[in-house]
Amino acid sequence: MTPTASMEDEEKDTFKILVATDIHLGYLEKDAVRGNDTFVTFDEILKLAQDHEVDFILLGGDLFHENKPSRRTLHTCLELLRKYCMGDRPVQFEILSDQSVNFGFSKFPWVNYQDGNLNISIPVFSIHGNHDDPTGVDALCALDILSCAGLVNHFGRSPSVEKIDVSPVLLQKGNSKIALYGLGSIPDERLYRMFVNKQVTLLRPKEDGDSWFNLFVIHQNRSKHGATNYIPEQFLDDFIDLVIWGHEHECKISPTRNEQQLFYVSQPGSSVVTSLSPGEAAKKHVGLLRVKGKKMNMQKIPLQTVRPFYIEDIVLADHPGVFSPDNPKVTQAVQAFCMEKVEAMLENAERERLGNTRQPEKPLIRLRVDYSGGFEPFSVVRFSQKFMDRIANPKDIIHFFRHREQKEKNDDEINFGKLVRKPASEGATLRVEDLVKQYFQTAEKKVQLSLLTERGMGEAVQEFVDKEEKDAIEELVKFQLEKTQRFLKEQHIDAEETKIDEE
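Residue numbers for the sequence shown follow numbering that gives the first Met the number 0, beginning at 0 and rising by one.
It is worth saying that the hints were derived from the structure and are not from the lab. Glycine included, each C-beta is placed from N, C-alpha and C at the ideal position. Treat the hints with caution; some may be incorrect.
To be verified - Calculated cross-link-like contacts (lysine-lysine; reagent style DSS-like; alpha-carbon spacing at most 27 angstroms):
(1) Lys340 with Lys172
(2) Lys162 with Lys394
(3) Lys282 with Lys172
Said to hold, decoys possible - Label pairs and their computed distance ranges (CB to CB):
(4) Lys477 with Val195: 13 to 21 angstroms
(5) Thr452 with Val136: 33 to 41 angstroms
(6) Ala148 with Asn355: 52 to 60 angstroms
(7) Gln384 with Lys477: 46 to 54 angstroms
(8) Asn355 with Gly86: 27 to 35 angstroms
(9) Lys106 with Asp12: 47 to 55 angstroms
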């Protein structure tokens, strides 16, 4: 057998999958400098898929940044998908599962490359994230538009909030078989509770169960943000071979082994910087996943068009020989010190860019300054004006914060020092649903909810604010009212004899 024939036989049994997540199309699209960043990088990702002749693209959620993307964002997305994913190259794998189950929520419940009216060369499979999740009375999202257009296979939707049965998309190429499981974003606390109550089931193929490579795509908090505001890895079934974990933006794409469950986890991270935090400073990659039988290999592919981001911390109190709060010119000294740090980061950015002309010229720079110990912040506006033409984010280069010492607390005290340590703009943001919950927990009895629930109201307000669903609260009231009326009818309660205290 010739080496060429051997390689061809190898390719017949090997899936090649381009893995990416959290592309956030449309992020800062109106920004004069950064407005095209997400589109340029998405173009690069799709070009990589085409150049490597992958079997399909697998996306882990948050393809769009806004729940209702602008016409420009949708148009650009459709344009790029048509450019790279349509063509005459034949798809080399087949689907063995019941597609009416995998894509049952669609009016076209079959994979796009099997549609006789379409000419698909690279199928795209995607779950939804927390940014582009289904909302509104029809529970539709932007991915459903792409699905209806025949450009994306949206899977991993759960039709029930009571019990989740995840049915895999069963794929076969030669002698290799993949069971592709997907679970679109669900509020972490709800999903955590469902896992604890054994309400989440991953269904396994009936035949040759051990011969499948089990690939699970999820979009949830991986790191712990609260007692139940994340999904522990040990909640996932141990028969899984590889988990693609979306939502977390730090790139940890090389698979790491979970020694308890004995599966591997790959966290691709985002392809664009959406927050000026340390996790975003890691180099951005996509993955080329090869699967043959039960064996896999993840090749890291660095993205060349991502805007570089540099972040550094300064603690002024750590430089007593340089700064003294009692010095009347300390503010000027601090400003000059920060200027030197920013210039050093700019020099570093320029050196790294010399080998990559595809990288945007203006980098993102963040200098976090801890001014605890009697220091005062200087004018960030005046400071930023000196870098207007050299940095992509001149208005928020400097971030001042103070580290408060941890108080000794009793059981009833909240550790405010610990809370203040992490700047609000760097990750820990108060959620709308938490504000609603806090309000009703402290409100007087006469304004407490009786017909509606705190959780339902919180989710409706959250959709109203974050997803721009203007009818969310009205729909909640209508749904709950109809549900209550049905209950009363079933109980054979005479509405005329029953008085509801509205006070």
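Outcome of the hint check:
1. Lys340 with Lys172: Cα-Cα ~53 angstroms, so violated.
2. Lys162 with Lys394: violated (47 angstroms)
3. Lys282 with Lys172: Distance of about 32 angstroms is beyond 27 angstroms: violated.
4. Lys477 with Val195: 13 to 21 angstroms: For Lys477 and Val195 the Cβ distance comes to about 31 angstroms; the hint is violated.
5. Thr452 with Val136: 33 to 41 angstroms: violated (19 angstroms)
6. Ala148 with Asn355: 52 to 60 angstroms: Between Ala148 and Asn355, where Cβ atoms are some 34 angstroms apart, the hint is violated.
7. Gln384 with Lys477: 46 to 54 angstroms: Hint holds: Cβ distance 52 angstroms, inside 46 to 54 angstroms.
8. Asn355 with Gly86: 27 to 35 angstroms: holds (28 angstroms)
9. Lys106 with Asp12: 47 to 55 angstroms: violated (35 angstroms)
Checked against the numbered hints above, the structure breaks hints 1, 2, 3, 4, 5, 6, 9 and satisfies the rest.
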